[in-house]
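*Asks:* If you want the building blocks of each chain, they are given just below.
Protein chains: 2
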Amino acid sequence: MSRAIAVIGGTGPAGTGLALRWARAGETVIIGSRDSARADQTANMIRQRVGANARVSGMENSAACVASDLLMLTVPFEGQAALLKQLKPSIRAGSILIDATVPLAASVGGRASRTLGVWQGSAAQQTAELVPKGVSVVAAFQNVSADVLNGDLKEDVDCDVIVCSDDPNATQTAMELAVKIPRIRAIDGGKLENARIIEQITALLIGLNIRHKGHGGIRITGLPDAAYKTLAPQ
Amino acid sequence: MSRAIAVIGGTGPAGTGLALRWARAGETVIIGSRDSARADQTANMIRQRVGANARVSGMENSAACVASDLLMLTVPFEGQAALLKQLKPSIRAGSILIDATVPLAASVGGRASRTLGVWQGSAAQQTAELVPKGVSVVAAFQNVSADVLNGDLKEDVDCDVIVCSDDPNATQTAMELAVKIPRIRAIDGGKLENARIIEQITALLIGLNIRHKGHGGIRITGLPDAAYKTLAPQ
Chain R
1 MSRAIAVIGG TGPAGTGLAL RWARAGETVI IGSRDSARAD QTANMIRQRV GANARVSGME
61 NSAACVASDL LMLTVPFEGQ AALLKQLKPS IRAGSILIDA TVPLAASVGG RASRTLGVWQ
121 GSAAQQTAEL VPKGVSVVAA FQNVSADVLN GDLKEDVDCD VIVCSDDPNA TQTAMELAVK
181 IPRIRAIDGG KLENARIIEQ ITALLIGLNI RHKGHGGIRI TGLPDAAYKT LAPQ
Chain L
1001 MSRAIAVIGG TGPAGTGLAL RWARAGETVI IGSRDSARAD QTANMIRQRV GANARVSGME
1061 NSAACVASDL LMLTVPFEGQ AALLKQLKPS IRAGSILIDA TVPLAASVGG RASRTLGVWQ
1121 GSAAQQTAEL VPKGVSVVAA FQNVSADVLN GDLKEDVDCD VIVCSDDPNA TQTAMELAVK
1181 IPRIRAIDGG KLENARIIEQ ITALLIGLNI RHKGHGGIRI TGLPDAAYKT LAPQ
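Residue numbers (the numbering used here), protein chains in the order written: chain R, 1 to 234; chain L, 1001 to 1234.
In short, the hints are calculated from the structure, not lab data.
Capping the alpha-carbon separation at 16 Å, the derived lysine to aspartate or glutamate pairs in EDC-like fashion look like this:
(1) L:Lys1191 x L:Asp1167
(2) R:Lys213 x L:Asp1225
(3) R:Lys213 x L:Asp1188
(4) L:Lys1213 x R:Asp188
(5) R:Lys229 x R:Glu176
(6) R:Lys180 x R:Glu27
(7) L:Lys1213 x R:Asp225
(8) L:Lys1088 x L:Glu1129
(9) R:Lys191 x R:Asp167
(10) L:Lys1213 x L:Asp1147
(11) L:Lys1133 x L:Asp1167
(12) R:Lys180 x R:Asp158
Note that the coordinates shown come from a computational prediction; the quantities given were computed from them, not determined experimentally.
Start from the sequences, fold in the hints, and give me the full structure.
*Replies:* Next comes the structure, spelled out in structure tokens:
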């Protein structure tokens, strides 16, 4: 990627994990947080793990939106809508916003293995309603375990990332970003509306993790090789 | 299995495919159909493919329910409730009914890559409301490609079967049945309510199949070995 990736909500487990892996892959990453001091802390932690030449910095969320047109949103569902309304003036026209939000019932005190119904169909479709015109929303990375991302950097990530968007260029960008993380395969999952199923899968995986004490992910089998984007040619 | 498996709706692609694979594994299989002549035809076809010693017979659906207390339901969603109401007097107390039904929007003329909302939460939970008291409902096999099951018997099935039920004994039985099919792994997916997510995954896979021209399945990664039931010890 020539452009920086701004991880909005980058101090949480999912955001930190993605930022860590992308910094490790040599990408330029901006950690966004409500609190710029916390963002700096996370950036420093990532630099310590990846090495001094890691290109990672911390910013307040709205400054991060101004600084990049490639946004990765990793916030709990209960904060998603309010944050997007607040950030709306700062999100640049033409930006790509990748959303990993899952409407877990835990957002309202329920179980993380259950989901809430979202009027628009999915958290990602709610996001699409809240971003400025001309911003492309992509749903991706919901099913990747934050524990695995934040774990041993020598251990690859055994998970496929299904990418859904109504903008094929944005899908392409998110797929390229996904395969920067070793062993992740990216699959074009079609329109943004399909995010409603991918989001549910996260709740399933959380349930399986609780039941079986694991860090579940998914792989899609049975598609032709061309359907799987990987970093190195297969 | 010591008991016969009665596949209700066994002349459709999913039912025929499962029956074929179980007959091949040496199980005793009853093909159930609205029309006993069609059931016989399918049983004959399976015998031709598996060999003369295949233990497979055809029956009308209600006769198949009377003949076995291990039922595998593979009917399109639009016929599910009516069929269960009709079969209710024939389903034996203490039976296990494994349901692979998915509420695809295609049931009402919509797309097979979309689902309908079911009042009870899932097709399997609807089934649980319609069977006689004392019958244990299990949700399983929704994500296994019928094309793959019906394909070359030398080709194994690259898919995990997530099994959901409120009756642990019934879960166990369905898991044992799943791993009779080479390379399928069975995973305890917890309560029957979780079927709502597994059912959605089928619509996702159908969408991926259309988009990428494949026969998609899923594998769950990242759980400890003990979470995966396989036929041979790993």
